[in-house]
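Peer 1: If you want the building blocks of each chain, they are given just below.
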Amino acid sequence: MNRNRPNVWGYFFIAPQLIGLLIFSLIPLVYAFTLSFTDWNGFGDFQFIGLANYIEQFQNPEFWKAMLNTIYYMVLVVPIGIFISLILSIGLNKIKGKEIYRVFFFMPVVTSSVSVGIIFMWILNGDFGILNQLLALVGIDGPMWLTDTKWVIPSIAILSIWWGLGYNMVIFLAGLQGISKSYYEAASIDGANVFQKFRHITLPLLTPTTFFVTIMTIISSFQVFDQAFVMTQGGPAKASYTIVFHIYEQAFVDFTMGQSSSAAIILFIIILIFTLIQFKFQDRWVFYEK
Amino acid sequence: MLITGSFIMIFPFVWTILSSLKDMSQIFVIPPQWIPDPVMWSNYIDSLLAMPFGLAYFNSFYITVLIVFSTLITASMAAYAFAKINFKGANILFILFLATMMIPKQVTMIPLYLVMDQLNWLDTHYSLIVPGALFNAFAVFLLRQFIMGIPKELEEAAIMDGAGYVRIYWNIILPLIRPALAAIAIFTFLQSWNNFLDPLIYLNTPEKFTVPILLNSFKGLYTANWPLMMAGTVISVIPVLIVYIFSQKQIIEGVAITGIKG
Numbered sequence: 001m002n003r004n005r006p007n008v009w010g011y012f013f014i015a016p017q018l019i020g021l022l023i024f025s026l027i028p029l030v031y032a033f034t035l036s037f038t039d040w041n042g043f044g045d046f047q048f049i050g051l052a053n054y055i056e057q058f059q060n061p062e063f064w065k066a067m068l069n070t071i072y073y074m075v076l077v078v079p080i081g082i083f084i085s086l087i088l089s090i091g092l093n094k095i096k097g098k099e100i101y102r103v104f105f106f107m108p109v110v111t112s113s114v115s116v117g118i119i120f121m122w123i124l125n126g127d128f129g130i131l132n133q134l135l136a137l138v139g140i141d142g143p144m145w146l147t148d149t150k151w152v153i154p155s156i157a158i159l160s161i162w163w164g165l166g167y168n169m170v171i172f173l174a175g176l177q178g179i180s181k182s183y184y185e186a187a188s189i190d191g192a193n194v195f196q197k198f199r200h201i202t203l204p205l206l207t208p209t210t211f212f213v214t215i216m217t218i219i220s221s222f223q224v225f226d227q228a229f230v231m232t233q234g235g236p237a238k239a240s241y242t243i244v245f246h247i248y249e250q251a252f253v254d255f256t257m258g259q260s261s262s263a264a265i266i267l268f269i270i271i272l273i274f275t276l277i278q279f280k281f282q283d284r285w286v287f288y289e290k
Numbered sequence: 001m002l003i004t005g006s007f008i009m010i011f012p013f014v015w016t017i018l019s020s021l022k023d024m025s026q027i028f029v030i031p032p033q034w035i036p037d038p039v040m041w042s043n044y045i046d047s048l049l050a051m052p053f054g055l056a057y058f059n060s061f062y063i064t065v066l067i068v069f070s071t072l073i074t075a076s077m078a079a080y081a082f083a084k085i086n087f088k089g090a091n092i093l094f095i096l097f098l099a100t101m102m103i104p105k106q107v108t109m110i111p112l113y114l115v116m117d118q119l120n121w122l123d124t125h126y127s128l129i130v131p132g133a134l135f136n137a138f139a140v141f142l143l144r145q146f147i148m149g150i151p152k153e154l155e156e157a158a159i160m161d162g163a164g165y166v167r168i169y170w171n172i173i174l175p176l177i178r179p180a181l182a183a184i185a186i187f188t189f190l191q192s193w194n195n196f197l198d199p200l201i202y203l204n205t206p207e208k209f210t211v212p213i214l215l216n217s218f219k220g221l222y223t224a225n226w227p228l229m230m231a232g233t234v235i236s237v238i239p240v241l242i243v244y245i246f247s248q249k250q251i252i253e254g255v256a257i258t259g260i261k262g
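Protein sequence lines, in the order shown, are assigned to chains A and B. Numbered according to the UniProt record's numbering, the first sequence spans residues 1 to 290. Numbered according to the UniProt record's numbering, the second sequence spans residues 1 to 262.
Please note that a few of the clues may not be correct.
Claimed, not checked - For each label pair, taking beta carbons as the anchor points, the in silico distance ranges come out as:
| hint | chain 1 | residue 1 | chain 2 | residue 2 | range |
| --- | --- | --- | --- | --- | --- |
| 1 | A | Asn7 | B | Ile17 | 56 to 62 Å |
| 2 | B | Phe11 | A | Leu203 | 28 to 34 Å |
| 3 | B | Leu98 | A | Ile27 | 14 to 20 Å |
| 4 | B | Leu49 | A | Ser180 | 55 to 61 Å |
| 5 | B | Val166 | A | Asp45 | 45 to 51 Å |
Worth flagging that the hints you see were computed from the coordinates, not collected in a lab. We put the CB at the ideal spot given by N, CA and C, even for glycine.
Could you build all of it, start to finish, from the sequences and the hints given here?
Peer 2: In structure tokens form, the structure reads like this:
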């Protein structure tokens with residue numbers, strides 16, 4: 001009976017996914033590392049050139065431009081996005097009918113990057129966009145959001161905050177549900193007010209969730225691309241040129257595949273560091289509980 | 001505050017629909033004209049005719065369905081083996097699956113393009129379907145967690161009756177993890193339907209385009225015609241919103257359980 005051959009059956013069951021893992025993940029990963037040390041341009045032969053791509057990357061002003069734009073974006077999206085979703089989830093937690101609100105807030109999360117990109121191109125249009133018309137009602141002269149080098153990253157950040165709010169909110173709500181009511185009851189007996197309860201119970205007990213959401217938002221911020229590609233093509237004057245944009249352009253516009261791979265590996269190392277930090281602290285985040 | 005908040009969240013959708021029903025003269029009116037008059041239903045017909053949206057729908061739909069079904073089978077098979085079969089090297093291989101979840105897709109983007117080139121799959125739907133169908137570490141991981149929770153007694157009873165691994169997998173495990181499979185199906189659907197970067201890189205022929213990529217080139221052609229672009233956008237969003245409305249409970253709770261977007 002096949003009971004006695006767990007090895008054969010084990011491999012049989014994992015075979016399809018294992019083949020997929022090898023061909024579509026592991027081999028390409030090794031391939032990417034290898035390419036990053038070559039001068040391959042997409043056609044024909046290539047030579048190993050050691051660390052030259054990495055050195056060149058660090059001397060390339062476009063790489064630094066992309067890096068700074070990405071970090072600027074992150075500095076806006078991470079704190080503001082997390083603050084708003086935290087406040088909203090706390091407000092929502094005690095309210096009747098929160099399921100209905102949750103449905104509305106989560107709606108953008110399921111929408112594709114191209115659709116939300118086009119929607120925000122219209123909303124943020126400097127001349128006729130509804131945002132500037134609404135701002136004009138309260139006497140504010142809105143900027144040319146997507147065509148002003150100073151405002152294009154904030155514009156993409158606004159879209160991203162709106163887009164990801166529901167996702168973070170749902171995670172925070174799950175975290176809030178995990179806090180035992182007995183803490184609040186005990187605090188009430190001690191005469192704590194709403195603010196004290198928030199400061200001494202909710203915030204500390206929500207730190208694992210906040211930590212998780214922060215790391216995940218940082219990781220996804222490093223990968224920002226679709227919104228910029230759809231709305232601004234990296235412009236104006238490369239003001240929304242992000243690190244993934246740089247990887248994409250070097251690979252599929254300039255065909256400097258080796259160069260591009262080195263930028264991708266640098267991105268990988270950055271993301272790896274944040275992922276490892278998260279893994280190190282993951283026991284503080286209730287990942288396995290159902 | 002929450003009512004205002006919800007309004008802000010759905011306002012972009014509402015404004016898109018309103019804009020999609022206006023003609024060019026109404027769309028640039030300042031102050032904004034809220035209600036379209038006349039209502040230009042023809043924008044929808046025009047944008048459907050302007051580009052092969054029907055074909056893109058079909059492409060997206062069949063690609064997504066194939067990916068979802070294959071993922072459910074291949075990922076649950078692997079998850080079952082990792083959870084319940086004590087085979088050699090299982091731990092190391094499972095760690096390998098976990099580790100690949102850390103790899104950002106931009107890193108494997110260029111080599112994957114070259115792999116697709118080697119396989120002669122560039123500008124074909126294989127480049128989208130096969131990787132999706134055969135590789136989803138997140139699904140394997142999540143399903144394994146669920147299968148681990150199935151009590152051993154159930155299997156043991158089946159073994160007594162002479163059932164092998166295949167029968168246990170098919171008749172016991174699969175029916176018991178249906179909620180998890182549903183969550184994976186929805187996540188995989190959304191991920192595959194909304195995928196932008198892969199078709200952008202692999203596909204060249206407009207007839208092969210999926211909905212997001214067609215919408216992006218639609219945008220390129222009709223930059224100035226906002227009503228048409230808004231109609232095209234509404235057309236692209238509708239299927240996802242329908243799926244969302246019917247499965248929002250599973251989607252939201254799935255996200256809450258896993259903490260990871262599919």
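Peer 1: Enumerate the violated hints, using their earlier numbering and listing them in ascending order.
Peer 2: none
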